[in-house]
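Asker: Chains as they are written, first to last, in our numbering: chain X, 1 to 177; chain A, 1 to 177.
Source of the hints: derived by calculation from the structure; they are not laboratory data.
Watch out, some of these pointers could steer you wrong.
Put simply, identical chains are the same to the list, so a pair is met inside one copy or across any two.
Pairs of lysine-lysine, PhoX-like flavour, derived with a Cα cap of 25 Å [claimed, not checked]:
hint : residue 1 : residue 2
1    : Lys44     : Lys128
2    : Lys106    : Lys84
3    : Lys44     : Lys60
4    : Lys79     : Lys44
5    : Lys47     : Lys106
6    : Lys84     : Lys60
7    : Lys104    : Lys28
8    : Lys171    : Lys104
9    : Lys104    : Lys35
10   : Lys47     : Lys104
11   : Lys44     : Lys142
12   : Lys79     : Lys47
13   : Lys44     : Lys106
14   : Lys60     : Lys47
15   : Lys60     : Lys28
16   : Lys79     : Lys35
17   : Lys128    : Lys35
18   : Lys28     : Lys142
19   : Lys142    : Lys35
20   : Lys106    : Lys171
21   : Lys35     : Lys60
Number of protein chains: 2
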Amino acid sequence: MATWNSRGLRGSTLEELINRTNDQYREKGLALIQKIPTPITPVKMDKNSRHITLAYFEQKSTVDYIGAVQGIPVCFDAKECCVKTFPLANIHPHQVTFMEEFEKQKGIAFFLIYFSADNIFYYLTLRKLQEFWNRMEAGGRKSFRRDELDEEFYLTGKNGFLVPYLDGIQKDLQLRD
Amino acid sequence: MATWNSRGLRGSTLEELINRTNDQYREKGLALIQKIPTPITPVKMDKNSRHITLAYFEQKSTVDYIGAVQGIPVCFDAKECCVKTFPLANIHPHQVTFMEEFEKQKGIAFFLIYFSADNIFYYLTLRKLQEFWNRMEAGGRKSFRRDELDEEFYLTGKNGFLVPYLDGIQKDLQLRD
Ligand SMILES: [Mg+2]
Ligand SMILES: [Mg+2]
Chain X
1 MATWNSRGLR GSTLEELINR TNDQYREKGL ALIQKIPTPI TPVKMDKNSR HITLAYFEQK
61 STVDYIGAVQ GIPVCFDAKE CCVKTFPLAN IHPHQVTFME EFEKQKGIAF FLIYFSADNI
121 FYYLTLRKLQ EFWNRMEAGG RKSFRRDELD EEFYLTGKNG FLVPYLDGIQ KDLQLRD
Chain A
1 MATWNSRGLR GSTLEELINR TNDQYREKGL ALIQKIPTPI TPVKMDKNSR HITLAYFEQK
61 STVDYIGAVQ GIPVCFDAKE CCVKTFPLAN IHPHQVTFME EFEKQKGIAF FLIYFSADNI
121 FYYLTLRKLQ EFWNRMEAGG RKSFRRDELD EEFYLTGKNG FLVPYLDGIQ KDLQLRD
């Protein structure tokens, strides 16, 4: 993998942490979440090695993770942010559309944001994202700041789970009732 | 895509039919199902074209489709079969394990089988598959025949849906109650 140094590797540490959390939840029977691979279209193959020798990235991906949590359909996207201001350009309109439709199917959709400078994880509910998104579309800021976020949705590592997003889902569910 | 004639194209007609059905259900607000791309690991890239010039297939994939249907987590795998006998070797143990865990999370898992010689679709519930699977593990046949299947789980095209698997889900749910 040493030669792979573009789009594919970016953010892989975050991805690894989440994948390992998914394994933890799976082993404990608490959730079954599937990573959705980046869609890649193979074009040419070497018949002997069965390696792909030409392929390209497809443009449209929807969310990074999707699955089932104790009867509830769940999907989320992981985003890394190295400053205290999150640019909404990091989130694509078709992603938001997918998540809105997912919630119409009575699922839960959210963003898992890693603020790398502070080494902290935040569970951004879809409705909170929509507030920022609508503000932008009304001509406001194209980003949101950490101090605009809800204190209760920071995920604090505990019980040995690396990125305990089920805690976020639980709070999210409580606020919907 | 003319040069792509190995693993990737096999079954793509079935995949296209299902993808279009997913679009139909999505447009009508009946379901939101995501195709999980074949996991491909990119190794080398051409910096100018941004094409991948070396990549390989990862071994483990779980299911082809996953999503939410009106509050229910759903996943399924599509399989094509050109004869009247379906070889269980077409289904991988880790797929069955994933589906069993998915159902433990109160989701619905099934196989969508296309019998191409007869141009007919069958909704194979996970528990029916488990019957055949257990029979094999007990030393029995390594396949099942079409005449062993339940008449009611054939999907007959109607209402304009190409592969109306929601009808199968509905029957599946009724039998669980
Ligand atoms: Mg992401
Ligand atoms: Mg398949």
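Asker: It remains to establish, for every hint, whether it holds in the given structure.
Answerer: Outcome of the hint check:
no.	hint	in the structure
1	Lys44 <-> Lys128	neither (43 Å within a copy, 38 Å between copies)
2	Lys106 <-> Lys84	neither (32 Å within a copy, 38 Å between copies)
3	Lys44 <-> Lys60	both (21 Å within a copy, 21 Å between copies)
4	Lys79 <-> Lys44	between (32 Å within a copy, 24 Å between copies)
5	Lys47 <-> Lys106	neither (45 Å within a copy, 42 Å between copies)
6	Lys84 <-> Lys60	neither (28 Å within a copy, 37 Å between copies)
7	Lys104 <-> Lys28	between (29 Å within a copy, 12 Å between copies)
8	Lys171 <-> Lys104	both (19 Å within a copy, 23 Å between copies)
9	Lys104 <-> Lys35	both (22 Å within a copy, 19 Å between copies)
10	Lys47 <-> Lys104	neither (45 Å within a copy, 40 Å between copies)
11	Lys44 <-> Lys142	neither (40 Å within a copy, 34 Å between copies)
12	Lys79 <-> Lys47	between (37 Å within a copy, 24 Å between copies)
13	Lys44 <-> Lys106	neither (41 Å within a copy, 40 Å between copies)
14	Lys60 <-> Lys47	between (28 Å within a copy, 20 Å between copies)
15	Lys60 <-> Lys28	between (33 Å within a copy, 21 Å between copies)
16	Lys79 <-> Lys35	both (14 Å within a copy, 21 Å between copies)
17	Lys128 <-> Lys35	within (24 Å within a copy, 27 Å between copies)
18	Lys28 <-> Lys142	neither (40 Å within a copy, 32 Å between copies)
19	Lys142 <-> Lys35	neither (28 Å within a copy, 31 Å between copies)
20	Lys106 <-> Lys171	both (16 Å within a copy, 21 Å between copies)
21	Lys35 <-> Lys60	both (16 Å within a copy, 12 Å between copies)
Comparing the model with each earlier hint shows violations of hints 1, 2, 5, 6, 10, 11, 13, 18 and 19; every other hint is respected.
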